[in-house]
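**Student:** Quick note: the sequence shown, position 72, residue 72 per the working numbering, numbers continuous.
If you're looking for bench data, these hints aren't it; they were derived computationally from the structure. Be careful, since some hints might not be right.
With a cut-off of at most 25 Å between alpha-carbon atoms, the simulated SDA-like pairs for lysine to any residue come out as follows [what the hints assert, rightly or not]:
#: 1; residue 1: K165; residue 2: F135
#: 2; residue 1: K62; residue 2: W40
#: 3; residue 1: K165; residue 2: Y24
#: 4; residue 1: K165; residue 2: E238
#: 5; residue 1: K136; residue 2: G119
#: 6; residue 1: K136; residue 2: L126
#: 7; residue 1: K136; residue 2: V75
#: 8; residue 1: K136; residue 2: I257
#: 9; residue 1: K136; residue 2: R25
#: 10; residue 1: K62; residue 2: W87
Derived DEER-like restraints, expressed as beta-carbon distance ranges [as the list claims (entries may be wrong)]:
#: 11; residue 1: I237; residue 2: I108; range: 32 to 42 Å
#: 12; residue 1: G172; residue 2: L7; range: 52 to 62 Å
#: 13; residue 1: S109; residue 2: L139; range: 33 to 43 Å
#: 14; residue 1: L60; residue 2: L80; range: 12 to 22 Å
#: 15; residue 1: V14; residue 2: G254; range: 33 to 43 Å
#: 16; residue 1: G172; residue 2: L126; range: 20 to 30 Å
All figures in this text were calculated on a predicted structure; none of them were measured in a lab. A virtual CB, placed ideally from N, CA and C, is assigned to each residue, including glycine.
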Amino acid sequence: MNFIDILILILAGVGTFAAGASVYRSGLPLSLVLLALLPWFLPLGLAVFTIACIHFIDFLIKFSVMRYRAHVRGVLLFGLFSMAGAWLSANFLTDLQRYSPVVINSYISLSPFVLFVVGMILLSALFEWLANRGFKLPLQLHDIISGILCGLASGASGVFESFKKIIYKPRGLNFVQLSATTIVSSLFTDMVRLPVYLALVYGGSHTPFYNALALSSGLGAMISVLGGLRYLKEAQIEGFRQWSLVLIALSTLGLIIRNFV
1 MNFIDILILI LAGVGTFAAG ASVYRSGLPL SLVLLALLPW FLPLGLAVFT IACIHFIDFL
61 IKFSVMRYRA HVRGVLLFGL FSMAGAWLSA NFLTDLQRYS PVVINSYISL SPFVLFVVGM
121 ILLSALFEWL ANRGFKLPLQ LHDIISGILC GLASGASGVF ESFKKIIYKP RGLNFVQLSA
181 TTIVSSLFTD MVRLPVYLAL VYGGSHTPFY NALALSSGLG AMISVLGGLR YLKEAQIEGF
241 RQWSLVLIAL STLGLIIRNF V
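Produce the complete structure using the sequences and hints provided.
**Tutor:** Shown next as structure tokens:
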């Protein structure tokens, strides 16, 4: 490993640390920020798996604090059915990676796997934008239906938190109960999608450098999460949030061009 490789590893760790710290000012989910960042320097399958691992550790920490505040009925109906949805869509996602690219001409080929993932990132960003403007579904969905839909989004490498802001609107829960219920439910989806996501990296041709890069970026993000719990207080800045969504959209569109052209 030469000096340039070591420098790239350091920059990856510092970059993901900065991205993780930014969520305390933007109010955006960490997974959404990382989904727009990590695929620029990691193979997409490895990036999705790395982000899912970071998300699992992050929510495991939150679970240890909030688990007793969760609403039992919400966990049984919303959380358990979100697990089923996550398992189904995670299997679909890993199967999609095996599909051959569709070649349009000598310059453009469309990978169904890449197209699907970037579509989920853009859809998650759109749901964040709508939630920020107070958008609500005209119908009150049953907890089971909400759980399945949020689970499908989570397993498809989408962002569970972005979808639940729009889809999951239970009655009779205060903010703390709602937060705890969704934290437990999100952890459930991670528990079923992570083993399935192993197919995204198992048997792949990733070099030791890419594995080290994934470790560096993962550690950077986790340090920001752990440091934020101790030293940072979440204070959402509306302008910063809006510009973050714009940058995520531009980054995702850039990924489309980078992977397809």
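**Student:** Hint says 12 to 22 Å; check whether the CB-CB distance for L60 and L80 agrees.
**Tutor:** holds (18 Å)
**Student:** When you check the alpha-carbon spacing of K62 and W40, does it fall within 25 Å?
**Tutor:** violated (28 Å)
**Student:** Would the pair K136 and R25 pass a check requiring their Cα atoms to be no farther apart than 25 Å?
**Tutor:** The given pair, whose Cα atoms are some 24 Å apart, holds under the 25 Å limit.
**Student:** Keeping to a limit of 25 Å between CA atoms, is the pair of K136 and G119 held or broken?
**Tutor:** Judged against 25 Å, a Cα distance of about 22 Å means the pair holds.
**Student:** Okay, G172 versus L7 on CB: inside 52 to 62 Å?
**Tutor:** At roughly 54 Å between Cβ atoms, L7 and G172 fall inside 52 to 62 Å, so the hint holds.
**Student:** Are I237 and I108 spaced within 32 to 42 Å by their CB atoms?
**Tutor:** Given a distance of about 39 Å, which is inside 32 to 42 Å, the answer is holds.
**Student:** For the pair supplied as a hint, K136 and I257, confirm whether the alpha-carbon distance does not exceed 25 Å.
**Tutor:** Status violated; Cα separation ~33 Å.
**Student:** Taken at face value, is the distance from the CA of V75 to the CA of K136 at most 25 Å?
**Tutor:** Holds. K136 to V75 sits at ~22 Å (cutoff 25 Å).
**Student:** Straight-line Cα separation of K136 and L126 no greater than 25 Å?
**Tutor:** holds (13 Å)
**Student:** Verify the proposed pairing of K62 with W87, using a straight-line Cα cut of 25 Å.
**Tutor:** holds (22 Å)
**Student:** Does K165 pair with Y24 here, judged by a C-alpha cut-off of 25 Å?
**Tutor:** Given that 25 Å is the threshold and the Cα spacing comes to 17 Å, the pair holds.
**Student:** With respect to the beta-carbon atoms only, verify the hint that S109 and L139 lie 33 to 43 Å apart.
**Tutor:** Once the Cβ atoms are compared, 40 Å apart, the range 33 to 43 Å for L139 and S109 holds.
Checked against the numbered hints given earlier, the structure breaks hints 2, 8, 15 and satisfies all the rest.
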